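Those sequence lines, one after another, are chains A and B.
My numbering puts the first sequence at residues 1 to 212.
My numbering puts the second sequence at residues 1 to 316.
Simulated from the structure, these hints should not be mistaken for lab results.
Source: prediction; values computed, not measured.
Hints should not be assumed to be uniformly reliable.
Straight-line alpha carbon distances no greater than 25 Å define the calculated BS3-like cross-link-like pairs of lysine-lysine that follow [what the hints assert, rightly or not]: (1) 26/B <-> 161/A; (2) 26/B <-> 39/B; (3) 46/A <-> 39/B; (4) 46/A <-> 58/B; (5) 58/B <-> 26/B.
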Amino acid sequence: MQSPIQLEISRRNLLISSAATIAVTGAATGEAVAQGARTSMQHMSKVSLSVNGESYNLDVDNRTTLLDALREHLHLTGTKKGCDHGQCGACTVIVDGRRINSCLTLAVMHDGDEVITIEGLGQPGALHPLQAAFVKHDGFQCGYCTPGQICSSVAVLEEIKANIPSHVTGDLTTQAAVTPAEIRERMSGNICRCGAYSNIIDAIVEVAGTKA
Amino acid sequence: MRAFTYERASSVEAAAKAAASNPEAKFIAGGTNLLDLMKLEIETPTHLIDINGLGLDKIETTADGGLRIGALVRNTDLAAHETVRRDYGLLSRALVAGASGQLRNRATTAGNLLQRTRCPYFYDTNQPCNKRQPGSGCSAIGGFSRQHAVVGTSDACIATHPSDMAIAMSALDAVVETAKSDGSRRSIPIADFHRLPGDTPHIETILESGEFITAVVLPPPFGGKHIYRKVRDRASYAFAIVSIGAVIQQDGTGRVAVGGVAHKPWRIEAADTELPKGARVTASALLADARPTEQNRFKIDLVERALGAVIAEARD
Ligand SMILES: Cc1cc2nc3c(=O)[nH]c(=O)nc-3n(C[C@H](O)[C@H](O)[C@H](O)COP(=O)(O)OP(=O)(O)OC[C@H]3O[C@@H](n4cnc5c(N)ncnc54)[C@H](O)[C@@H]3O)c2cc1C
Ligand code: SF4
Ligand code: FES
Ligand code: FES
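Based on the sequences and whatever the hints tell you, model everything.
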């Protein structure tokens, strides 16, 4: 016979494992409800960050990723949650000038940082050159990966300019070149389920060419 | 993810003390491995110590002409550093062969060394795994083991260490510098840093509780050709099936480490001396004690062939 304590433990395990499933499928609010009882003030932190040039002061559960802070707290839903595990690039944003996966970093780790999301790159009527090129070249189908692709490609062109090497860079002691092969390799952290890759590369190559 | 408290460390000493006094605390650097595992509740720290603000992000020349790499130097910055590209090209190459541009912008030197295995059963919390839950069994032995280790394995675990960077560090004879909670410091040769699984696969390094990695130090440059060759299931953004990190001199002598085959970067100094004799002899010396599974036996041939390609490239 199971004692009440054992029952309590298995109920708790059930809650924990269902919370984990919810987290994987991406409903952050469900997770917060399931675990709310276990959080306290010590599990919250204050964080100030600048997003697209505006300052925000947030009180967040320490577990809040930068991605969830942007989407759930600031309602900047341009940044997407694909895998929530660093595997797809849909959540790519630019923090202090560098692209990162916002799903694998905590909001509390970014106090004082400057974040740029797809909304900050350009808006309808005043598109960033890469946003315009993605439209022109049909660099998407469903569009879910697109904000991540565009944030990533903006940073990729900067990384090449800053002479950061990649896996396909030939001579490590010379300036990295803006070639389709370089762009393709550097964009490999952004997966497109619709397979719009060739048009994405065309869009980036065009902007790289006109800039260079 | 389980709830946790959070602090920003004020110094290395304070961070080491805080970690040693609370067995459920963990340091967080880039967070790209720890948070991944926390979301799955494979890691369940109740306290996180953020070590990003401690100024450990510098790369400096040492007195003997080597290089001291701060623990918090990002993988991107290490790969792009002028001296690393010129004198330790193997390290740059290994770094840019790993993960993605976004991940490398966050991932740190220490975090990369301490990243945990990608064994799918370690990640699947519904399956037995001695590394995740000591004593529960190993699902990979007798399960899908194509990606797993072929050498240095045990009956408890056949997982591999997934780091590309660590293969370069191993071939380059890096030394890991640490600070302990009692204020003492130590220098650990990379060969002694990671452990084989034995019957405690959950203990992966010789670090003590609270021990803080402050830097990784490279000896003065070795010259020679620096080559990192990674064989994987797709051309980019995938972990190694097998990888070779080598420095090869004009006379054919050199140093070599192998990735994707063991629980730690695989380096046998006796195998280095065989390099001038070619890939077959060197690979046999490296994998003399291999115990592959039916599914990963192919790695034995793959190591030899990848090494053959590296030796040929060095001659070019
Ligand atoms: C999709 C994906 C693909 C990847 N592909 C590759 C690949 O192909 N090749 C590859 O090599 N890697 C790959 N990685 C792994 C990546 O390189 C690691 O996640 C990264 O290097 C970890 O560094 P971090 O600073 O983010 O570590 P964290 O996640 O911050 O920390 C990892 C561990 O190290 C501990 N730690 C950190 N710093 C210190 C310190 N100074 N002292 C003591 N302990 C410390 C932490 O407590 C934690 O336990 C991939 C990751 C992802 C998500
Ligand atoms: S190989 Fe190691 S990590 Fe994988 S299931 Fe077995 S014990 Fe776990
Ligand atoms: S959601 Fe961040 S990488 Fe997929
Ligand atoms: S456009 Fe649909 S995932 Fe890329």
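Verification of the hints:
1. At most 25 Å may separate the alpha-carbon atoms for a hinted pair to count; residue 26/B and residue 161/A exceed this at roughly 37 Å.
2. At most 25 Å may separate the alpha-carbon atoms for a hinted pair to count; residue 26/B and residue 39/B meet this at roughly 15 Å.
3. For the hint linking residue 46/A to residue 39/B, the alpha-carbon distance of about 21 Å falls within 25 Å, and the restraint holds.
4. Proposed proximity of residue 46/A and residue 58/B is contradicted: the alpha carbons are some 29 Å apart, above 25 Å.
5. A distance of roughly 23 Å separates the Cα atoms of residue 58/B and residue 26/B; the hinted pair therefore holds under the 25 Å criterion.
Checked against the numbered hints given earlier, the structure breaks hints 1 and 4 and satisfies all the rest.
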